[in-house]
Amino acid sequence: MIISIASGKGGTGKTTVATNLAVSLAGNVRLLDCDVEEPNSHLFINPVFEDTHIVTTPVPEIDEKKCTLCGKCAEICQFRAIIVLGKTVLPFENLCHSCGGCMKACPSDAIRWKERELGTIQKGHRNSLEFINGTLRIGEAMSPPLIRKVRAEADKDGLTIIDAPPGTSCPVITAMKGADFVLLVTEPTPFGLHDLKLALGAVKMLNLPCGLVINRSDMGDDKVKEYARSESLPVLMEIPFDRRIAETYSRGELIVEKMPEWKNRFIDLYNHIDNIVKG
Amino acid sequence: MKELVIISGKGGTGKTSLTAAFAFLAKYMVLCDADVDAADLHLLMAPEIFEKHDFQGGNQAIINKDKCIECGLCRELCNWNAINETFNVSPIDCEGCGVCVYFCPEKAIDFPVKTCGEWYISDTRFGSMVHARLGIAEENSGRLVALVRQQAKKLAGEKGLDLILTDGPPGIGCPVIASLGGASAVLIVVEPTLSGKHDMIRVAELAGHFKVPAMICVNKFDLNEDETKVIEDTAREKGMEVLGRIPFDPVFTKAMVQGQTIFEYDPKAAACECVKRIWDRVAERLECNLS
Numbered sequence: 021m022i023i024s025i026a027s028g029k030g031g032t033g034k035t036t037v038a039t040n041l042a043v044s045l046a047g048n049v050r051l052l053d054c055d056v057e058e059p060n061s062h063l064f065i066n067p068v069f070e071d072t073h074i075v076t077t078p079v080p081e082i083d084e085k086k087c088t089l090c091g092k093c094a095e096i097c098q099f100r101a102i103i104v105l106g107k108t109v110l111p112f113e114n115l116c117h118s119c120g121g122c123m124k125a126c127p128s129d130a131i132r133w134k135e136r137e138l139g140t141i142q143k144g145h146r147n148s149l150e151f152i153n154g155t156l157r158i159g160e161a162m163s164p165p166l167i168r169k170v171r172a173e174a175d176k177d178g179l180t181i182i183d184a185p186p187g188t189s190c191p192v193i194t195a196m197k198g199a200d201f202v203l204l205v206t207e208p209t210p211f212g213l214h215d216l217k218l219a220l221g222a223v224k225m226l227n228l229p230c231g232l233v234i235n236r237s238d239m240g241d242d243k244v245k246e247y248a249r250s251e252s253l254p255v256l257m258e259i260p261f262d263r264r265i266a267e268t269y270s271r272g273e274l275i276v277e278k279m280p281e282w283k284n285r286f287i288d289l290y291n292h293i294d295n296i297v298k299g
Numbered sequence: 079m080k081e082l083v084i085i086s087g088k089g090g091t092g093k094t095s096l097t098a099a100f101a102f103l104a105k106y107m108v109l110c111d112a113d114v115d116a117a118d119l120h121l122l123m124a125p126e127i128f129e130k131h132d133f134q135g136g137n138q139a140i141i142n143k144d145k146c147i148e149c150g151l152c153r154e155l156c157n158w159n160a161i162n163e164t165f166n167v168s169p170i171d172c173e174g175c176g177v178c179v180y181f182c183p184e185k186a187i188d189f190p191v192k193t194c195g196e197w198y199i200s201d202t203r204f205g206s207m208v209h210a211r212l213g214i215a216e217e218n219s220g221r222l223v224a225l226v227r228q229q230a231k232k233l234a235g236e237k238g239l240d241l242i243l244t245d246g247p248p249g250i251g252c253p254v255i256a257s258l259g260g261a262s263a264v265l266i267v268v269e270p271t272l273s274g275k276h277d278m279i280r281v282a283e284l285a286g287h288f289k290v291p292a293m294i295c296v297n298k299f300d301l302n303e304d305e306t307k308v309i310e311d312t313a314r315e316k317g318m319e320v321l322g323r324i325p326f327d328p329v330f331t332k333a334m335v336q337g338q339t340i341f342e343y344d345p346k347a348a349a350c351e352c353v354k355r356i357w358d359r360v361a362e363r364l365e366c367n368l369s
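Chains as they are written, first to last, in our numbering: chain A, 21 to 299; chain B, 79 to 369.
Treat the hints with care, since some could be wrong.
Below, a list of computed lysine-lysine pairs in the PhoX-like style, where the Cα atoms sit at most 20 angstroms apart [stated by the list, open to error]:
1) B:K145 x B:K105
2) B:K105 x B:K231
3) A:K92 x B:K185
4) A:K134 x A:K85
5) B:K289 x B:K316
6) B:K346 x A:K245
7) A:K124 x B:K185
8) A:K134 x A:K86
9) A:K124 x A:K85
10) A:K243 x B:K332
11) B:K185 x B:K80
12) B:K346 x B:K332
Listed next, with one range per pair, are the computed distances between beta-carbon atoms [stated by the list, open to error]:
13) B:K143 x A:K107: 41 to 49 angstroms
14) B:I170 x A:K124: 18 to 26 angstroms
15) B:S168 x A:K107: 37 to 45 angstroms
16) A:N66 x B:H287: 39 to 47 angstroms
17) A:N66 x B:Q228: 37 to 45 angstroms
18) B:Q228 x A:G299: 33 to 41 angstroms
19) B:K130 x A:N291: 30 to 38 angstroms
20) B:G259 x A:L89: 40 to 48 angstroms
21) B:P328 x A:N291: 45 to 53 angstroms
22) B:G259 x A:P229: 37 to 45 angstroms
23) B:Q228 x A:S252: 52 to 60 angstroms
24) A:P280 x B:K307: 23 to 31 angstroms
25) B:R355 x A:A46: 30 to 38 angstroms
26) A:E251 x B:P169: 22 to 30 angstroms
Stretches of chain A that chain B covers, calculated by requiring three or more beta carbons in the stretch to come under 8 angstroms of a beta carbon on chain B [stated by the list, open to error]:
27) 83–91
28) 117–126
29) 208–214
30) 260–267
Source of the hints: derived by calculation from the structure; they are not laboratory data. The C-beta atom is built at its ideal place from N, Cα and C for all residues, glycine as well.
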């Protein structure tokens, strides 16, 4: 089973829920941190990393000896990532989506691949928990290709928990797609509600079952709960604002370790999800 | 003209609440919401929209079943596995690269321009605001960010205003890169947590990469004063000025629930004075940077 933890709004507690849930469960469990722009799960998991490798994406390189300046590459490229300027063909590798169109369109075999670095993937473990994260290279604009590669590192069996990035556009969709369940995390504030509506819209578009965790549940107002009720979105957990939780988080520590009474609540959360998925 | 972009790396550190508070304090500016993916600034600004435009970002392949001979070449060429066995293109997976369109031997694939959002020019009680809404699950957020910033700049020019306050997106990817280029300075709002520090360092490196000067302030500093000190020292080591600290103060949530800035909700709140002091410093720095 794959559970993807998402939110719309940033800073609502995705990483808190993902990490505490992952360490509370025994057996074949892995945690994938797909918030590759700002990955934080490893700060709480403290995994022993066994493998770090650079991930790249192919971008075009022009063989000027073969190039006839016909302009077909520039014509097919929808991303303005390759242009013909006077007597040279200029690829802009940062704009390239690696679709391969230019290479396929070139009649004189003058385009070959070179690699653009997207970032790194690290794999490790903490006790029996398998941990994988991706870290986007500073200055790299495109996170979805790296997120796809992080997801591809996961085995099919057992339980996979995904810590997704915030927002509702392509990076989040990449982190949610193909999951068996999406756990949305929000806070009961106008910002939390507004972004929850967007996130739920994305989940509905992917047609996935989902549930809600309300963090800092005693701050703000009741509108998130009212909305959840009106959408038949089950509230699977509420985490009240507690200075001890905020401080534990601030130090990079796990709630289930500092406040062990929370461990059973996270196990209950999983059982709840398991019941929904198994129908 | 100066533009201050408020960013954070990590989400939920208080960018939007702080931008709104600055809007209350700043006079003669244009507000710009560059977090087009999960825009929230309008919830505090109650904008009255007087211009609304479609945002067209890219194209999408659609197979014309009358012409399609099901040869399968498009499925072979598609790098995104966006075309299924019954020759339907998944709009979520289609990257808009047009490779299938170009090579289809029957010219059976249409490639219409997609409307993937809207952008607006509005009036607020603090002045004009340019903002947008990217459609759910859409791409090209960077282009929409660039567009709203460009429109904010144009509007400020027309109105003879000298300052743009831009509420930026979280992260360090495409929309953040689009919100940084050409800005006068960025203010990074950091929370005093291990995650907050980690994410500040990454977004500060990004600002450095694009040669935009960065300053920081620590929000909710009293949740972990030790971490606050570490963050401030780290920022200084990296050549960023530390503009101040804001305490954890429920006034931010209470004001948000009322759709107000903290100064409107409770001008006597502890956070107000701190934010005012930070704003005074920002205003000072922006003058210095540009004189």
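Could you tell me which of the hints above the structure violates, numbers in ascending order? Hints 1, 6, 11, 16, 18, 19, 20, 21, 23, 25, 27 are the ones this structure does not satisfy, whereas the remaining hints hold.
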